[in-house]
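Enquirer: Chains as they are written, first to last, in this note's numbering: chain A, 1 to 313; chain B, 1001 to 1454; chain C, 2001 to 2311.
Think of the hints as simulated: they come from the structure by calculation, not from any bench. Fair warning: there could be bad hints in the mix.
Unchecked claim - When the alpha-carbon atoms are kept at most 20 Å apart in a straight line, the in silico SDA-like pairs for lysine to any residue are as follows:
#	chain 1	residue 1	chain 2	residue 2
1	A	125	C	2244
2	C	2104	A	190
3	B	1319	B	1084
4	A	188	C	2244
5	B	1142	A	140
6	A	125	C	2106
7	B	1430	B	1161
8	B	1430	A	15
9	A	188	C	2106
10	A	188	C	2102
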Amino acid sequence: MSRAREVVLVLGAAGLVLAIAWFVPWLRFVLTIALAKGLAVLGILLLLRAGQVSFGHALYLAFAAYAAAFGAALVPETLILLPLAALGAALLGLVVGLFVVRYREIFFGMLNLALSMVFYSVLEKFYAITHGTDGIRLPPTTFAGQVLGAEAQGWAMLSLALVLSAFFAWLMRIYLASPLGQALAGIKTREARLEFMGMSARRVLLSAYVLSALMAGTGGAVLGMTTRHVTPALAYWTTSGELVFIAILGGAGSVAGPFLGAIAYELTRVYAAALVADAWQMILGFVLLLVILFAPGGLWAIGRALMGGRRQA
Amino acid sequence: MTSGDPGPILGAAVGKPGPVTRRETLAAAVAGGLLLSGRHVQAQPSRPAEIKVGIATYLSGPASVFGVPGRQAAEMLFDEINEAGGIGGVRVRPIFVDEGPGVDHFVGEYRRLVQSEGVHIVFAAISSGDCLACTPLADEMKRPTLLWDCGTQRIFEENRFEYSFRTQANATPEVLSALLYLLRAKPDFRSIAVVNQDYAWGRDSWEIFRTAMQALKPGVRVSAELFPRFGATDYSTEITRLLALRPDVVLSTSWGGDLDAFIRQSSDRRLFERSTFVLPLAESSLERVGRALPAGHIIGARGDHWFLHPGPKDPALLKRFTDNFRRRFSSYPIYPCHHMAQAVFAMKAGYEKAMAAKGGGWPTDAELAAAFRGLEFPSLTASVRIREDGQGLENQIIGTTHHADQYPFAVMTDMVVFPAELVTTPVGMKSADWLKTLKPEIIQRVPQPVAYQP
Amino acid sequence: MQAWLSENTLLLGLAALDGLSYAATVFMVAVGLNLVFGVLRILNVAHGSLFAIGGYVAASLGLFITSRGLPAWLSLPALLLAAVLTGALLGPVIERLLLRRVEKQEPVLQLLVTFALFMILEDLQKLLWGVQPVVSDAPVRLLGTVDVPFGADVIPFTAYQLFVVPGVALLTLLGLVWFLRRTLAGRMIVAVTEDREAARAMGIDAARVTLLTFSAGAALAALGGALASPTASLVPGVGAQTIVLSFAVVATAGLGRVEGAAVTALLIGLGRAFAVYFEPELEVVIPYIIMVAVLLIRPQGLFGVPETRRI
């Protein structure tokens, strides 16, 4: 696909999202949340390239969301707070990463899960500060120095989420195309070969891990600033599971997959919840099952097949 | 004991499809490419074809032990209102949403209820987190919202809202009443242990209890503060610990499956013989745990909720509600059913007050919201008044368990109905500050207990 | 330290008793998952659902027995029957219809199949058993309590908690070890656990071994739930809670090692009991702390062997 066509496609997709949000106002919120989760899923996807599944990336999502919630009192400006919260998550990712990149497969997945569950417990335990499961509300923040009304703030967050999604998708493609990104795929297939070539598999994985924490953190900050209320449930293992779910639903083959998957997931969830308020889980389960059994490449692969098998984006 | 029985019955109720019109709307929205539910300006108040009520409740997860009975009560009461001709001649229709998936999902659902379903009023929610998240949203979207079950006292103590009102009490009176009852029934206790669920309510309720206890009876020894995991199924270690410590009093504000398991396991190991239990939420577990809960322990119902209430304002109303509920759902109505009834009665009274103020005209959202402030409406046992800050003033019933021949489970005796004014934090004060100002004299003002009448 | 110990000897004894009985529960929750993971290399998220369903079936059988006025002792074998029923009915269905179809796929896809199954079963339980807590405590009542001396005092324990649960856990452990070491089917399972390709090359029918293992794992999960059902109240969401715990055990134990699961369960059981006695705030995080600590020292888990590096 040529560069120009890609730009047109991305702009078209963004335009479509904005149009839906305009015509169906309540979906604006849902779409913003979907893009925020898509950002975190992009992080999951990066690690999937190395064959590793993190069952604890909700840690970074929740960390950044809480950082934004606590930081809003000190730095009441969205455009400063958001990168700070995301960088905080990346820093945490560096610390945790130094430990977890020594492990592979189930151990990698479970250690991530354990750390995220410990963070969940910490949010519960330091009840006096975090208010436990009741969660905390984000104080209002300015946007580029402007105090926005609720409506304008909603649009600003959606636009910001779109810009961030496009930026990180682009960044990730560059990363994957770089030698570091190529080496990442090597961890999945034959790790020892990497080491023979003089590359440290751990360092390769660590760089990917920190980047994925940054993306999950960005998603978490957007999520927190959109819902304006954060609870420890963000760090619970089911949230991490949901991110992996979305990654597979969207398809691991392309950087567009996470966003496609996240939007499909959130829409399925809200419509399933509206249609049968007490069996939405079952519907989601069947959707996932069908995708895995009949279209393991995810929605992206289905879309590509429908469009006549174009080359991978 | 019906704990094994309601499965299929509830299952059937759960599986029942929602109203057809909603399905059609949704199907159309899905099929027609989302555009159909387009932007429309909120119509000016002409009498609507129906009053749509968005109701947030738990339909999945552990809290569905409250959410589903709450929904059943709503279905029953909405039917009754419609059979009686609706509110101001307009039929009412509930639209239920599940709180199970968490706050971020619920915030989206709230928007959907308002912007897509076009609900006129929202009942939210069981989870305190959901209530905290949706109250600012209610003001933002200018949709009257009744907080029908959540307990956190923070909502109206920390903020002021124009469109949100609580149609029941909050955690402070619920927990304080249990403490006052204990201080009166067992003034000499010297040690206490707490076993609460490890989440906001468990922590919050202990904080309230301890603060008030330190003001009213300083010097009580806290033998153990145990916070088992939310949803824990095994309390054997905690129980061994309590058996060895022998505290005079064991407090637990747990509920649902957690409380059931704790009561049964304590009963099996005779912990009830060593310590007096204070269980402020046990009313909702009575039928399920049966005789496992022995006589002589202190229980509450998060308000003035009891199907054998010693002095209901309108005995016929309480009896009709209890009988109808039992007939339809094969279990006694528990406190969430009462809370739901209060929200429904408040909605009806609110609409009628707003219409009366307008000479029979249909109220705008703002007019409806304004009508709730200061509104007095009936509950199943007494009446509730919504204060100027939006908080409901509701009495609290606390009693002692008693085994009567007519019931295969414990009922209450020595019931005390605490007047709301006695136990509720005054307007403009925070509970933590107010509780510290309590003086032991307050115990003298507690009304006389009323014994169980067969 | 010395003074503290002599002061708390009795308490430590009690805590150890609680810890042992809790360890038995943890072992029963996790051992099936451990076995399945060893052979199929799938972290079965639906394990928690099988646990819950086993519990629900056992409680339903127990309630049926009491409501029909049948002898109460029948409720004990009913626990076993519930486990066998669940394992024999659901195990092969899940393995044949779902897992078999994705066995060539990437591990993450296999795992997500079980995640999807978990979501479906979660709502299915609600449809079948409703949302009100379900319990059948006939086995506990039947066996009564045992007074354990504690200084001048006595502490009543239920015989069920003190003997039945640890007894079943011990029998399961010994039975599994014997089965895996001494029987042909067991040895085949071990062979597949250790090296699937080599086992296949030696003519072992890996498909049959997989089916057998998965069904056994499902039955063990259901047995865990059935054993918990007389004391625990079963509510929606009980499955989700057990998954994390059993995952932590599997990762700590090392791949597919039954003995590893037993030792890990002991560590967690004792750790949790001591936490409740001396530092209650730590109780909830004990399994994770133990897991992180073990993996720091032994990256392959307690009983795991380092995998040969593929070149």
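Enquirer: For each hint, tell me whether it holds in the structure or not.
Expert: Results for each hint:
Restraint check: the Cα-Cα separation between residue 125/A and residue 2244/C comes to about 19 Å, which is no more than 20 Å; the hinted pair holds. A C-alpha spacing of about 18 Å is found between residue 2104/C and residue 190/A, which places the hinted pair at or below 20 Å, so the restraint holds. Using a Cα cut-off of 20 Å, the hinted pair residue 1319/B and residue 1084/B holds, with the two alpha carbons roughly 18 Å apart. For the hint linking residue 188/A to residue 2244/C, the alpha-carbon distance of about 26 Å lies beyond 20 Å, and the restraint is violated.
Annotation: proposed proximity of residue 1142/B to residue 140/A holds, straight-line Cα distance about 18 Å (limit 20 Å). Between residue 125/A and residue 2106/C the CA atoms are separated by roughly 38 Å; this puts the pair beyond 20 Å, and the hint is violated. Taking the CA atoms of residue 1430/B and residue 1161/B, the gap is about 16 Å. The hint holds against a cut of 20 Å. For a cut-off of 20 Å, the pair hint linking residue 1430/B to residue 15/A is broken: about 48 Å separates their Cα positions.
For a cut-off of 20 Å, the pair hint linking residue 188/A to residue 2106/C stands: about 11 Å separates their Cα positions. Taken as a hint, the residue 188/A and residue 2102/C pair is honoured in the structure, with Cα atoms around 19 Å apart against an allowance of 20 Å.
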